[in-house]
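Student: The residues making up each chain are set out below.
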Amino acid sequence: MFENLNERLERSFQILKGQGKITEINVAETLKDVRRALLDADVNFKIAKSFTNTVKEKALGQDVLTALKPNQVMVKIVHDELAELMGGTHVDINTQGKPAVILIAGLQGSGKTTFSGKLANLLKTKRSMNPLLVACDVYRPAAIDQLHVLGEQIGVPVYSDKENKNPVKIAKAAIKEAKANGNDLVIVDTAGRLAIDEEMMNEIEAVKKSIDPTETLFVVDSMTGQDAVNTAKEFNDRLNFDGVVLTKLDGDTRGGAALSIRSVVNKPIKFVGTGEKMEALDVFHPERMADRILGMGDIVSLVERA
Amino acid sequence: AKTKESVFKKLSRAVVGKSTVDDDVLDELEEVLITSDVGVDTTLKIIERIEERVAQDKFLGTSELNRILKEEIAALLEENNKGDYDAYQLPKSEYPYVIMVVGVNGVGKTTTIGKLAHQFKNAGKKVMLGAADTFRAAAVDQLIIWSERVGVPVVNQGMGADPASVAFETLTKAKEEGSDVVIIDTAGRLHNKINLMNELSKIKRVMDRVIPGAPNEILLILDGSTGQNAFEQAKQFTKATEVNALAITKLDGTAKGGVVIGVSDQFKVPVKYIGIGEGMEDLQVFNRNEFVASLFD
Ligand SMILES: Nc1nc2c(ncn2[C@@H]2O[C@H](COP(=O)(O)OP(=O)(O)OP(=O)(O)O)[C@@H](O)[C@H]2O)c(=O)[nH]1
Ligand SMILES: Nc1nc2c(ncn2[C@@H]2O[C@H](COP(=O)(O)OP(=O)(O)OP(=O)(O)O)[C@@H](O)[C@H]2O)c(=O)[nH]1
Ligand SMILES: [Mg+2]
Ligand SMILES: [Mg+2]
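As you go down the protein sequences, you meet chains A and B in turn. If you count the first sequence from 1, position 44 lands on 44 in our numbering, and the numbers rise without skipping. If you want our numbering, it's the position in the second sequence, counting the first as 1, plus 1000.
I should point out that these hints are in silico values taken from the structure, not numbers from a laboratory. Small disclaimer: the values here were computed from a predicted structure and weren't measured. Glycine included, each C-beta is placed from N, C-alpha and C at the ideal position. Hints may contain errors.
Derived pair list, reagent style SDA-like, types lysine to any residue, alpha-carbon separation capped at 25 Å [claimed, not checked]:
| hint | chain 1 | residue 1 | chain 2 | residue 2 |
| --- | --- | --- | --- | --- |
| 1 | A | Lys-277 | B | Lys-1202 |
| 2 | B | Lys-1235 | A | Gly-275 |
| 3 | A | Lys-46 | B | Lys-1045 |
| 4 | B | Lys-1193 | A | Asp-250 |
| 5 | A | Lys-165 | A | Lys-126 |
| 6 | A | Lys-162 | B | Arg-1136 |
| 7 | A | Lys-32 | B | Glu-1031 |
| 8 | A | Lys-32 | B | Leu-1026 |
| 9 | A | Lys-277 | B | Ala-1161 |
| 10 | A | Lys-277 | B | Gly-1158 |
| 11 | A | Lys-277 | B | Ile-1144 |
| 12 | A | Lys-49 | B | Glu-1031 |
| 13 | A | Lys-46 | B | Ala-1161 |
| 14 | A | Lys-49 | B | Asp-1023 |
| 15 | A | Lys-56 | B | Asp-1023 |
| 16 | B | Lys-1045 | A | Arg-35 |
| 17 | A | Lys-49 | B | Leu-1044 |
| 18 | B | Lys-1239 | A | Asp-250 |
| 19 | A | Lys-32 | B | Glu-1048 |
| 20 | A | Lys-162 | B | Gly-1151 |
| 21 | B | Lys-1193 | A | Asp-282 |
| 22 | A | Lys-165 | B | Asp-1252 |
| 23 | A | Lys-49 | B | Glu-1051 |
| 24 | A | Lys-46 | B | Glu-1048 |
| 25 | A | Lys-162 | B | Met-1159 |
| 26 | A | Lys-277 | B | Asn-1192 |
| 27 | A | Lys-49 | B | Glu-1028 |
| 28 | A | Lys-46 | B | Asp-1023 |
| 29 | A | Lys-49 | B | Ala-1123 |
| 30 | B | Lys-1045 | A | Glu-29 |
| 31 | A | Lys-46 | B | Leu-1026 |
| 32 | A | Lys-165 | B | Glu-1281 |
| 33 | A | Lys-162 | A | Met-200 |
| 34 | A | Lys-32 | B | Ile-1144 |
Here are some, though not all, of the chain B residues that point toward chain A, as calculated from beta-carbon distances under 8 Å [said to hold, decoys possible]:
| hint | residue |
| --- | --- |
| 35 | Thr-1035 |
| 36 | Ala-1137 |
| 37 | Trp-1146 |
| 38 | Asn-1229 |
| 39 | Glu-1232 |
Assemble the whole structure, with the sequences as input and the hints as a guide.
Tutor: Below you can see the structure in the form of structure tokens.
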């Protein structure tokens, strides 16, 4: 899918090469290729369109600095714009509170349960916190067992109640238990749900309301396509979440969904999942993500050769 | 959101009495296709076909246009989806029909296996499951719960066991007990992890030793909300295991799953099933025309 990016840009940069000023005409081909690269990376259609428009406005009429060629100016504009859209700097997770309560939400199979374990592990080892994991997925077969297995792996207790089918009650009881046991952090894993599933969205809204979390995190699979905007928007409308977790970045997806979500809900991406193991969690690097989406590594090396 | 009418209407209006479809219409069509995850290449291919058809017939009416659009998109799926599936019927054989289910993490492999087992059982088949995901936390428990729900046997060697050994035991047992169909669950794996992909090839080879030609079907599960990465998934899983059937899950959501058009076209693999929910009944045999129509819903 992406093999041709280099070729395409090479071709379009040929046009820009050696021209003194960026004009509507000489930039058109490059913009088309940038848009194409964004769409291939699963950036939402509308966002790709508005992004290329912004880039065009910034580029038009720019005098090419003596040291730079027009193509380099373009690359710089594209890169800076993308990095800015990705959020500029890293935003930390808030773990203040007695206890701090983190609510985890997202679509089916996005990686919520795995991330819950990873986050507990990270905050336990790096911030010496004393977490309690809470199993609020009462639907998926073996969801509770899954969280128990992860808890055991990382040496973190797990609160669950297999008799109880009410996530609100489970979450409340867990927080009570955390207070009694002196846990300073509670991480609430919830069932996967579709944004259009009214009943399930009501449920998570109710969970949020009842436990008033310090942070609500939206977990999303980095391989997600065009639908990422719809889902993120719906979840945000319902939950007003504080941050995004991007999972499965150890794959070879460009991860354009990250850009789409960022533009649509304007919430920071706080963590990225980079594997199935409990240690495979990273803080988010906006610059790296920007580079990845546009295959910037390819583009930069191309310009250096030019 | 765009409705079926609006796309077709705009397309029609612009075409009447002209020899080409105008840019507005093509832009509209492009947006519909791209936002359905059809991808740039396949979208261009479809648009070219439409342009050709329109150029051939200058007096195209509204209804024909509607039909042509669907036809041209469906055509990309057609070659690989000839004839409708005789759902849950199996070729006659002295051996059980073996299905190995593969895919990246969290796409819905285990759930699809539960649903398939249910359908095969309803069709009067003797089913056996094999719990060869011995890696993901509580994966074996999850399949056991499904097997109990459906009421079919499952072979497991617990967590951490060698998946090839689980597959071996499952096939041996299925042969002994005269099962009609065996479905093997495997751990989710990202297609860029060479060791994990090699493991799949190994599991497959071991099956062939118990039952010649097994697995008969290698079913790649694609998450309907996945974007263009599905191409790479199809490519790498096909390379490692010769995938010969696809299932698309989670189509009960708002994602359209359009990437499968290009995937099916490029890899010549038929789409057999779609997943439309988390329950036992939420599996359908893929219907090309319904799928194409749903892109414009
Ligand atoms: N390679 C990789 N796999 C991951 C990552 N995060 C999660 N997974 C895998 O993705 C699959 C789904 O993860 P879960 O944590 O069960 O997802 P979930 O959102 O809790 O799923 P539901 O509860 O069913 O909605 C599992 O196979 C995980 O091991 C990641 O960052 N990289
Ligand atoms: N809405 C919806 N959810 C589905 C569908 N198919 C599976 N799921 C859900 O997706 C999540 C992941 O499904 P699994 O069957 O565990 O996926 P898997 O591919 O076996 O996951 P790993 O073994 O961890 O790689 C679960 O919460 C399922 O209930 C579907 O068609 N629609
Ligand atoms: Mg879960
Ligand atoms: Mg599974």
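Student: Does each hint fit the structure? Answer for all of them.
Tutor: Here is how each hint holds up against the structure:
| no. | hint | in the structure |
| --- | --- | --- |
| 1 | Lys-277(A) / Lys-1202(B) | 23 Å, holds |
| 2 | Lys-1235(B) / Gly-275(A) | 21 Å, holds |
| 3 | Lys-46(A) / Lys-1045(B) | 21 Å, holds |
| 4 | Lys-1193(B) / Asp-250(A) | 9 Å, holds |
| 5 | Lys-165(A) / Lys-126(A) | 34 Å, violated |
| 6 | Lys-162(A) / Arg-1136(B) | 21 Å, holds |
| 7 | Lys-32(A) / Glu-1031(B) | 15 Å, holds |
| 8 | Lys-32(A) / Leu-1026(B) | 16 Å, holds |
| 9 | Lys-277(A) / Ala-1161(B) | 18 Å, holds |
| 10 | Lys-277(A) / Gly-1158(B) | 19 Å, holds |
| 11 | Lys-277(A) / Ile-1144(B) | 23 Å, holds |
| 12 | Lys-49(A) / Glu-1031(B) | 11 Å, holds |
| 13 | Lys-46(A) / Ala-1161(B) | 48 Å, violated |
| 14 | Lys-49(A) / Asp-1023(B) | 16 Å, holds |
| 15 | Lys-56(A) / Asp-1023(B) | 21 Å, holds |
| 16 | Lys-1045(B) / Arg-35(A) | 18 Å, holds |
| 17 | Lys-49(A) / Leu-1044(B) | 17 Å, holds |
| 18 | Lys-1239(B) / Asp-250(A) | 20 Å, holds |
| 19 | Lys-32(A) / Glu-1048(B) | 18 Å, holds |
| 20 | Lys-162(A) / Gly-1151(B) | 22 Å, holds |
| 21 | Lys-1193(B) / Asp-282(A) | 19 Å, holds |
| 22 | Lys-165(A) / Asp-1252(B) | 24 Å, holds |
| 23 | Lys-49(A) / Glu-1051(B) | 23 Å, holds |
| 24 | Lys-46(A) / Glu-1048(B) | 22 Å, holds |
| 25 | Lys-162(A) / Met-1159(B) | 22 Å, holds |
| 26 | Lys-277(A) / Asn-1192(B) | 16 Å, holds |
| 27 | Lys-49(A) / Glu-1028(B) | 13 Å, holds |
| 28 | Lys-46(A) / Asp-1023(B) | 17 Å, holds |
| 29 | Lys-49(A) / Ala-1123(B) | 49 Å, violated |
| 30 | Lys-1045(B) / Glu-29(A) | 20 Å, holds |
| 31 | Lys-46(A) / Leu-1026(B) | 16 Å, holds |
| 32 | Lys-165(A) / Glu-1281(B) | 22 Å, holds |
| 33 | Lys-162(A) / Met-200(A) | 19 Å, holds |
| 34 | Lys-32(A) / Ile-1144(B) | 51 Å, violated |
| 35 | Thr-1035 | 5 Å, holds |
| 36 | Ala-1137 | 4 Å, holds |
| 37 | Trp-1146 | 6 Å, holds |
| 38 | Asn-1229 | 4 Å, holds |
| 39 | Glu-1232 | 6 Å, holds |
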